[in-house]
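K.L.:
Sequential numbering from 774 applies to the sequence shown in the numbering used here.
No wet-lab data here; the hints were simulated from the structure.
Do not take every clue at face value.
[Stated by the list, open to error] Distance condition first, Cα-Cα at most 25 Å in a straight line; then the derived DSS-like pairs of lysine-lysine:
{"#": "1", "residue 1": "K850", "residue 2": "K1404"}
{"#": "2", "residue 1": "K886", "residue 2": "K1166"}
{"#": "3", "residue 1": "K1545", "residue 2": "K1024"}
{"#": "4", "residue 1": "K939", "residue 2": "K959"}
{"#": "5", "residue 1": "K1079", "residue 2": "K845"}
{"#": "6", "residue 1": "K1525", "residue 2": "K1466"}
{"#": "7", "residue 1": "K1040", "residue 2": "K850"}
{"#": "8", "residue 1": "K1179", "residue 2": "K850"}
{"#": "9", "residue 1": "K1358", "residue 2": "K1466"}
{"#": "10", "residue 1": "K951", "residue 2": "K1061"}
{"#": "11", "residue 1": "K959", "residue 2": "K903"}
{"#": "12", "residue 1": "K1061", "residue 2": "K1079"}
{"#": "13", "residue 1": "K1166", "residue 2": "K1024"}
{"#": "14", "residue 1": "K1024", "residue 2": "K1040"}
{"#": "15", "residue 1": "K1040", "residue 2": "K951"}
{"#": "16", "residue 1": "K1067", "residue 2": "K903"}
{"#": "17", "residue 1": "K1179", "residue 2": "K1466"}
{"#": "18", "residue 1": "K1033", "residue 2": "K886"}
{"#": "19", "residue 1": "K850", "residue 2": "K1365"}
{"#": "20", "residue 1": "K1404", "residue 2": "K1056"}
{"#": "21", "residue 1": "K939", "residue 2": "K1061"}
{"#": "22", "residue 1": "K1079", "residue 2": "K1365"}
{"#": "23", "residue 1": "K951", "residue 2": "K1067"}
{"#": "24", "residue 1": "K1056", "residue 2": "K1516"}
{"#": "25", "residue 1": "K1365", "residue 2": "K1299"}
{"#": "26", "residue 1": "K1545", "residue 2": "K1303"}
{"#": "27", "residue 1": "K1365", "residue 2": "K1324"}
{"#": "28", "residue 1": "K1056", "residue 2": "K1040"}
{"#": "29", "residue 1": "K845", "residue 2": "K1040"}
{"#": "30", "residue 1": "K1545", "residue 2": "K1525"}
{"#": "31", "residue 1": "K951", "residue 2": "K903"}
{"#": "32", "residue 1": "K1056", "residue 2": "K1166"}
{"#": "33", "residue 1": "K1179", "residue 2": "K845"}
{"#": "34", "residue 1": "K1040", "residue 2": "K1061"}
{"#": "35", "residue 1": "K887", "residue 2": "K1166"}
{"#": "36", "residue 1": "K1061", "residue 2": "K850"}
{"#": "37", "residue 1": "K850", "residue 2": "K1024"}
{"#": "38", "residue 1": "K1067", "residue 2": "K1079"}
Just so you know, these numbers come straight off a predicted model, no measurement behind them.
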Amino acid sequence: FQRCNITTNEGGTIDEENLANYAADRVQTFGWVFLGLTTNCSQCHNHKFDPFTMRDYYSLAAFFRNTTQQPKDGNVKDGRGPVVMVPTPEDRERWDRLPAEIAAAQSKRDERKKLARGDFDQWLASATAKSLENAVPTTDLVAHVLLNEGSGSVVSSSLASADSYKATGEVTWTADGKLGPAPVMKLGGTFELGAIGDFARDQAFSYGGWIRAGRDNVSGGILARMDEQADYRGWDLWQQGNALAVHIIDKWPENGLKVKTRDAVLKPGQWQHVFATYDGTGKPEGVKIYVDGKETPLAVENNTLKPDATIHTNTPLRIGQRSHTQVFDGGAIQDVRIYQRGLSAAEVQAIAGTAPLQTMLATPADQRTPQQRDALFNFYLGTLDAEYPALAKAVTDLEAEQATIKARSPVTHVQVERMNSQAMAHILTRGEYDRPTEEVAAATPAALHPLPENSPQNRLGLAHWLMDSANPLTARVTVNRFWQQVFGQGIVATAEDFGVMGAPPTHPELLDTLAVEFRENDWDIKRFYKLMMMSATYRQASITTPQKLEKDRENRLLSRGPRFRMDAEMVRDYALATSGLLSHKMYGPSVKPYQPTAIWDVVGLPGGDTRNYVQDRGENLYRRTMYTFWKRMAPPPNLEAFNAPSREVCTVRRERTNTPLQALVTLNDPTFVEAARHLAQNALQQGGDDRGKSLDYVAQRMLARSFQEQEQQILLADLEEYLAYYQAHVEDAKALISVGDSKPQESLDAAKLAAWTMLCNQVFNLDEVINK
774 FQRCNITTNE GGTIDEENLA NYAADRVQTF GWVFLGLTTN CSQCHNHKFD
824 PFTMRDYYSL AAFFRNTTQQ PKDGNVKDGR GPVVMVPTPE DRERWDRLPA
874 EIAAAQSKRD ERKKLARGDF DQWLASATAK SLENAVPTTD LVAHVLLNEG
924 SGSVVSSSLA SADSYKATGE VTWTADGKLG PAPVMKLGGT FELGAIGDFA
974 RDQAFSYGGW IRAGRDNVSG GILARMDEQA DYRGWDLWQQ GNALAVHIID
1024 KWPENGLKVK TRDAVLKPGQ WQHVFATYDG TGKPEGVKIY VDGKETPLAV
1074 ENNTLKPDAT IHTNTPLRIG QRSHTQVFDG GAIQDVRIYQ RGLSAAEVQA
1124 IAGTAPLQTM LATPADQRTP QQRDALFNFY LGTLDAEYPA LAKAVTDLEA
1174 EQATIKARSP VTHVQVERMN SQAMAHILTR GEYDRPTEEV AAATPAALHP
1224 LPENSPQNRL GLAHWLMDSA NPLTARVTVN RFWQQVFGQG IVATAEDFGV
1274 MGAPPTHPEL LDTLAVEFRE NDWDIKRFYK LMMMSATYRQ ASITTPQKLE
1324 KDRENRLLSR GPRFRMDAEM VRDYALATSG LLSHKMYGPS VKPYQPTAIW
1374 DVVGLPGGDT RNYVQDRGEN LYRRTMYTFW KRMAPPPNLE AFNAPSREVC
1424 TVRRERTNTP LQALVTLNDP TFVEAARHLA QNALQQGGDD RGKSLDYVAQ
1474 RMLARSFQEQ EQQILLADLE EYLAYYQAHV EDAKALISVG DSKPQESLDA
1524 AKLAAWTMLC NQVFNLDEVI NK
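Given these sequences and hints, build the entire structure.
P.N.:
As structure tokens, this is what we get:
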């Protein structure tokens, strides 16, 4: 709960400042939610009204500063931890078995590594350069094209199938190749390898070859199986200036992975061996790029590839080109290899060439350094040992399976104490992170009771303190917030402030009674709500009189039943529920319903993965509003109009306003228009040609009562006006009933359906509908 605060990975922020901000948010949230006190007012000075000092504030902060949360969140799903990962029910059994299987596989691999020393010593005694050449891997090699024919437009596979591949466009040859004459790629020219390389997102594969870049600081596709017309779905090896990059994409940029070499590794005019491996996890760490057999440091440029992504495409595998304009222009390519598995570093080194290892072999045994001997041993294990490669692959496959399950499983953010550390904080002068003074230990406010005896001086002890029967606040504050939810306002109107400047309770004895009732019945929330909603106070009619308004305008004395506008989320959900569109699906990732075009554009970074809002389709458009994806810099405007909080800080009491914008939302927002159309369809199906029956269906769905005669006459008159207009403007009718992702019922007349849609939308805008 207290990990819901704003975090950041912005490069210009200061770690200590971030940690101070995180602690401040938690102290404020703790005070508002559990104590009903404005503890945040003591951050810079002693509280001006309540008996809380800066020492009290930073003693509370100490409970929350002794955690393992990192200052920056890394822009990743788990926020760099700590988190608890929760596998889906389908994955749970397999997830529970994997650690033991991985440990067993690692044990076998490590045991073989020990036993292989003897075999390695025998091999090393007679090893030659030829034995190194024989180490090039052939297992799971699905394509090998030397590209050394020297002329023509057809090249052949070096595999047993001996397939041939014809060039599209112009191909020229240079005699200055790595393995004989080499093709030079030109605009529009490529070799297409057909269906080879149609891998899955969770499938490991490796690819690369010898290249000679033609020019400095240009971009183009070296190897690619990618459909740029389908949002760049597929994979590639990409020249980006003098760097190399790998894309693995479902839909760019919101569902794709891109890593790039941190340094400029390409040397135009020189032959270099470049190779990429991918382990199938969908993570940046699962991609490695090698240049001349050596792994290069990578930078992550996009990390949004989803667990359910697909990279399958009908576009053929292309050499030297990604599209007609994205070409490895002027570059030469040879010895292209594609493997349907991830290769080890030793195997990539064997493909790239073993010149460094040959130098080590030529060094007399008594002059080899331990590092040289280890390098030869690792090479032997990875390529020549009879058992080790298969055992290492078994470990890699199991770890990749574990990573795949982890990637598609939800996580919940938690707090974890630092090991062997005492909770403490410094009092900060004026609350400024860089002006620490006295160190204080974790403690509760001096004006309240101390920690229970024998409770630890950490967050567990603080939890004991909250639930202690001696605590005068926790139960009162909690039941007051429940009362607020049901009656529209709390017995203490300022739910976040029970202090001197807060509103006094209207019924203090009632508040005390409810608090004791709640605490003595094991904090049973369901029981408490039942108690409130079955009370005579709640079951009063909300009808008022001039006398009641004069004496109790805001209903603080509970002279009538509650009547207040529903919260933003409830307004939207009610529209979907009455129409029959609301999805009752539970759990799962956030969804992206209708929002204005380009809503994120002005607050997103150019080229970033949070600039383009991509609306969902189908059922996700009708999920309950609590599942809506929320971008704090651009919150959903239809919810913001109804006073939904910004989620920048924890909110315990919402404001309620009435503005024309709210009516504009319910009259024009696609969600409400589409819901009105669906309700209209259902009403017409229920009533047929009987307008009265159709109207009664609408009334029962929206108001849980029938229309009075006068209301029915007004609505029928309006319906006639709508019908006359849309019969004269059929295109307008078709446009109205086409709003939304769902399709209108074809059997219904467009003008009639449009007229009833307008009527249902009109009824939804009644105060009685959107008020509780």
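K.L.:
Among all the numbered hints in the text so far, which are the ones the structure does not match?
P.N.:
Checked against the structure, the hints that fail are numbers 3, 7, 9, 11, 13, 14, 17, 18, 21, 24, 25, 27, 28, 29, 30 and 38, while the rest are satisfied.
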